[in-house]
Amino acid sequence: MNGRRWLWSIFADRRVLRGAVPWLVLLLIAANVYVALARGGWEAARDANLLAPTTDPGRHVAGAPRYDWSVGEDVASFWPKIPDATVQSVVILAGMSQMYAINDPRPGDETIVEHLDDKLRQHGVRAFGLAAPNMHNEEALLYLVAAASRPETRPAAFVYGLCFDKFRNVDLRPALQRFLRSRADVQDRLRALCAEPAGRYPRACEKIRSSLASLEDVATGTAQHDESIEGWLRDALGRAVPIIGAREALNARLQYELYLLRNWLFRIRATSKRPILHSRYELNRELLALMADVARAEGIELVLYVIPLNPQAENPYVPEEYEAFKSWSAAFADERGVPFANLEDVVPRDDWGLLGDEPDFKHFRAEGHRRTAEALVDRFGPIFVAAKGRTPAP
Amino acid sequence: MIFTSYTYLLFLGGAFLLYWSIPRAWRNAFLVGMSYAFYCSWRWQYGVLLLGVTAFTYLYGAFLAKRAEPRRWLMLGVAIELTPLLFFKYLPFFVENLNGVGGLVGLPVSLRLPEIILPLGISFFTFQGIAYLVDLASGAEPIRKPLDFVLYKALWPQLIAGPIIRPDEIREQLEADRAIDYADVAEGAKRIVNGFFKKAVLADTLAPYVDGVFAAQAAPGFVDTIAGMVGFGLQIYFDFSGYSDIAIGSARLFGFRFPENFALPYASRSFQQFWGRWHMSLSRWIRDYVFTPMLFASRHRPRLAALWLVTAMAACGFWHGARWTFIVWGIIHGLLLVLNQSLLRGFFARAERAGRASFVGIAAWVLVMFAVAVAWLFFRAQSLDQAAAMLSALVHFRGGFAPMVLRENGLLVIAAIFLALLGYQVLTAPALVVKRWAARAPRLLQPLTGAYYCLVVMATIVLESNTKAFVYFQF
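Residue numbers (the numbering used here), protein chains in the order written: chain H, 2 to 395; chain L, 657 to 1131.
Bound-form chain L, shown alone (with noise of 0.2 Å):
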């Protein structure tokens, strides 16, 4: 059952209906039956391995947190944990990897695996039960009740692609006696709907002519690269965000607040910022409980800093697919960071603190919207071959200005759309305009805010062709 299908709001709806018209008590484990429901729904063989790791970070954590020295047996469950991970997401990336090199060495090394099918939110539930474990090495008390821990790990919104919710951030809200007002509902109501409209009119919109760009044998020339790497930034973006939002809004209509995920991050104006502003809970889990304790056990030398950095960002960019693109975006991203801490550093801070219309702030968002497009384009590439060609593409200025794949229609959404994010956060932020113009006329500014979420409505309901799945599902 995907977020953005009629099937999701009837389940959401009666899921709504339901929860809060039965016994408090009764709650909690109403909503583990929902997220099972919501879980089986795409295999039923995903719910028993998610109860499987469920029981064992449970059990583990409860056997961590009687230890007197409970980081001694860290390693081992984080390493179970880690497990079905490794076998249903990098096995067959190792097997690949290790015919290949046996290739290379002459060794007959031809190794074969059945087909794996990766179970849909692996990557995200693994980190989850990671991220408790370590915690409660660290001292940080345990979910107590069972019920509240397997509701922990299976609640639906946050299952399938995060965001990456830690103990800490929701244990209060598991135990409490929930309780929610019209503030919420509208609250949720409204995520849900610009989720929709991310996701539906933006997202999938922009997804032909992206996957065009970066299919197989395409060869696209200057304009289409450019194009390309625009638009994915611009699909992952609003994919990505739309999934958040509904995920964001699904759960405060059920009296739980979730961290933001993304925070306008091609408004950064410098590589640390992107950083704080994408994918928020992921990159906070992974300065956390991989960047953190490297530079930890490395304390007294320093210079190993910008090693760690790299290694984590490469590691955030094996986290999101076994593949070699994956890594070099990571390590992209790494190199760019330790650029933004060392060469570029009294840019970046000189950047950030000045307006964003001076000229270090436009100069210092130009390189980094530029840096993080090229990035994008090992990030979607299917292969590092085709990365570098379509770097040469861009290098050589192949084609010229004549597009060589995307036709006009292609140019005119990917332009289209950009123009309107740029205009919405990064120049002049038009909502804060209509704000303050609306302050002016208070009476207006309940019609405009009906016209404008009854546009949004229609525009998902006119313009959602099929509904494809989200691309953080993979991961």
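Here chain H stands alone, though its shape is the one from the complex (with noise of 0.2 Å):
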């Protein structure tokens, strides 16, 4: 028997239809059937979901993005368009997802950075956002790096909105490893800023060294051109299978499925009180020292401010904790000469949404996004029309 017949003759062996393999066959083709049908509802949902970027190019104001509408899922298409730094002064707001996130949307809702590049712009000053969910200093700073790292993304402010809850996150999302892989400028400028202050900042330099470690091949497990084969053959795969193409849908709905388990198990609620783990709240005030001293060094203005909350819902902060972190967040600028401000009562109660039944402590209606704007430049408006035509040295 030749090598070809040989192999059918294993696949028409009679064990392959009395065994478990027709079983197995049928199974997967019923999942991928209910999948195929049940996955507009998955990714509709996914799509109501705030801190997820939306789909809809109607939710978006139109012109050029005036923000990442991949919320850092895809950063690097968004980065382009940047306003070019060499012709005009930048302003780059960076934060959370109560950047991007309008609770009961309508179209034409504006967010913060675009209100601000409204503002702004009358004085030839242009704004952009780089927001994420649950972003945390480790990705602001790269932000900030990277921004830094060329001439025309170069800002002449860097404004950073602090969420207290946000100093317990850790990690770059895997979505900012695949844009730092892609910028060797950016990662010798990090390694470069661990080279030296080490001593000082030995939480966040560890932190970085080890999540530039984590891009090297062999820590990856996967090279350069291994990336792309693989990328363009998952690709190839979601459009072929249903259950890969909604691999992600899926996922999300089993994390919120797994997520409702451990609340119900530890009897968890949005308002239950979560103190902060000590290690990486500390490990994120390092963050945010070194993103002061990048600002510093590469003239660039970093602005911070506290970030609005929501007068009548409670919040999961233990309210001791919360006060020390205010009060630690205005010490630390102060000492740093960095402009400082407290905005978290700047949005009335009305202009807050709901998250499910209750008051959403974080994200507001497209009011909040303008009022919020506005106390910026209330604050900082002359700051970021001062560093106007001040160009930073390269």
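Be a bit skeptical, because a hint or two may be false.
[What the hints assert, rightly or not] Once the Cα atoms are required to be at most 20 Å apart in a straight line, the calculated DMTMM-like pairs of lysine to aspartate or glutamate come out as:
no.	chain 1	residue 1	chain 2	residue 2
1	H	K120	H	E368
2	L	K722	L	E797
3	L	K846	H	D14
4	H	K120	H	D379
5	H	K327	H	D166
6	H	K274	L	E1064
[Claimed, not checked] Pairwise CB distance ranges, derived in the manner of DEER restraints:
no.	chain 1	residue 1	chain 2	residue 2	range
7	L	V751	H	I269	47 to 55 Å
8	L	R680	H	R192	47 to 55 Å
9	H	E336	L	V751	34 to 42 Å
10	L	A1097	H	A31	17 to 25 Å
Source of the hints: derived by calculation from the structure; they are not laboratory data.
We put the CB at the ideal spot given by N, CA and C, even for glycine.
Combine both chains into one complex, guided by the hints.
Structure (structure tokens):
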């Protein structure tokens, strides 16, 4: 028997049809049919999630994007949309989901950064937003260093909204790891950053080194060309096999169910007080200090503000810890000469939306975005305009 | 090209179809080509190194086989075989320690090395080469055909992270006219699917939580340390046994039968049993090529056996990585094995004989699991200081029952996977229960098996995140 006929004989073995294989194939087909039918609903639910990037172009104001619409998932595509900083002054606004999520959105609603851009444009200054859900300080530092590393993206000011609970987050999300991997210049700058002040910021530098190490071929298990083949294969299979195509939606759904299970198991509610994890808090404080150093060295004005919170909603913060955070932030900014404002109360109760049946303590309606932008202009407008024309040294 | 990727599945599927379609005489050459393509997909330079090491081992083996007293020439061959490993893996360690010792005694030693990239799998193919030379010096037959030998060294399923295959385990398979049937394909596919699940779902899910506990400056408390130790023990087991499953399953598709590497190690009721079930190809290698020769050399002084056992296990630790933490891990296991053979010999012998549910059996299992978990702490820690700090957190009950690093998610994931494994392999062996039950209703067996693999495949597709490198790639 030649090789090909023999190979066929394996697949034509009677045990194939009498064993578990037909059941496996049938069940997989059934699962794929079910997923193909249900996928639309899951994706709609995912789109309805305030924190996710919206795929509905009607939700965005017409014209060139003024913030990263992918909210960190495909930042490389939006990076070229940053207004050219060599021909005009640019302010970058970075932060978590409050920057882009609009509760009860209507067509034409604008986000904080779009309002900011409208106002600053009159003074010859442009604003651009780089936000992502749950963005923490290592990611903000990455954006700052990446923006500073090229003259055309180097901002005059980098505005960063401080959110207390983001001080518990660590690790670059996979999409930002891909972004960092594609930017050797940024990797070099981060490496250099920790060559010097490692003694002052041991936690931050250890974390940065570990993030850089995880980008290396061996650590991630894939080389660059391998990754592109893998990406192409995943896309191709995703188009042909519904379960693979819908894996992100399925994964999100499953994670959500597990989240509910965890909450039920540990009796956790949206308002349950969640003490901070000191090690992560310290790490994020060091990363913020490193941001201040980078901004100073690059001639970029770092501007910090404590984000607005819903006054009618109970939040999950331990009051003493939150107060200590605000005091520390103000003292830190004062010590470093960083412009700072506490905007906690600038959005009144009527401008906030709901999270389920309860008031959302962090995401407001369109009016809240306008008010926050106005508050930023009120507090820091002169700084943004004064930065105009000041070309930081390359 | 990492095992748990669609790229690898495409590579494997393509290789399988082509392999069985080409004339038999070309098949080994084809596998050599595919193995080098696989290895060079990381860095082409790796291929040059592997080829060089292969050429040396083959030629030196042929040289040894012609000597009347091959043992006289063995040490030279082993030393040359070890040179690339010493250079790529251990030179930075020795230089760092030399600088440290110089500083301690007041000498201004400050040697600097350029960054050395550790070639993947070098620890594995070096040990494989040493085994070949030692076996030849002991009178074993060499692998005659150069092509067969090149395949022995390069065969991709075992190239990066084992199992460490010894010449006598594969010689006949290399030379034979290999054939497979439906049962081989089914078994190979099952092993691959299970390996994907273990690695991409279980090990990778545990990884971020474990990394959080062992991060520098993390300052974990009592609860975090316990969770970190247990979590890492589970992570490395699922990671490495998953890799071994994929390796064994892939090889099976081409007619090779590799030795097993894991046999329910966490069900062990003695330390000796643990090492008979954990990374079996390495523990056999250490026993036969490190411990036994030392024991034989000092056969007139049997009291030295304990020392050789600790030394062999320290070498086993050092093989894993050029760090003191690995050496300490090896020493701990050496001491545990010595205890197993001396003071606690009777206890463990009784525990091994006793039933799984007996008091002595459970007590021995708890003791073994706890000691193994504490040893993992040294294996995973980034430094001895970190390991000592975590031990101190354990002893001083730091933070009480309130976690200081992990959130509920991490604790829940680690606890759920631990309990699932416990349920599977230690307490009730539900798989046996299912089989017994299915035997009573044989018509249900096939649909149930189909449903099980359907769930495993779907879970792997949906839950795999960014595929991370296998833990053992760094060794």
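Going down the list of hints, with the structure as the test:
{"no.": "1", "hint": "H:K120 - H:E368", "in the structure": "holds, 15 Å"}
{"no.": "2", "hint": "L:K722 - L:E797", "in the structure": "holds, 11 Å"}
{"no.": "3", "hint": "L:K846 - H:D14", "in the structure": "holds, 17 Å"}
{"no.": "4", "hint": "H:K120 - H:D379", "in the structure": "holds, 11 Å"}
{"no.": "5", "hint": "H:K327 - H:D166", "in the structure": "holds, 12 Å"}
{"no.": "6", "hint": "H:K274 - L:E1064", "in the structure": "holds, 13 Å"}
{"no.": "7", "hint": "L:V751 - H:I269: 47 to 55 Å", "in the structure": "holds, 50 Å"}
{"no.": "8", "hint": "L:R680 - H:R192: 47 to 55 Å", "in the structure": "holds, 53 Å"}
{"no.": "9", "hint": "H:E336 - L:V751: 34 to 42 Å", "in the structure": "holds, 41 Å"}
{"no.": "10", "hint": "L:A1097 - H:A31: 17 to 25 Å", "in the structure": "holds, 22 Å"}
This entry satisfies every hint, going by the numbered hints stated previously.
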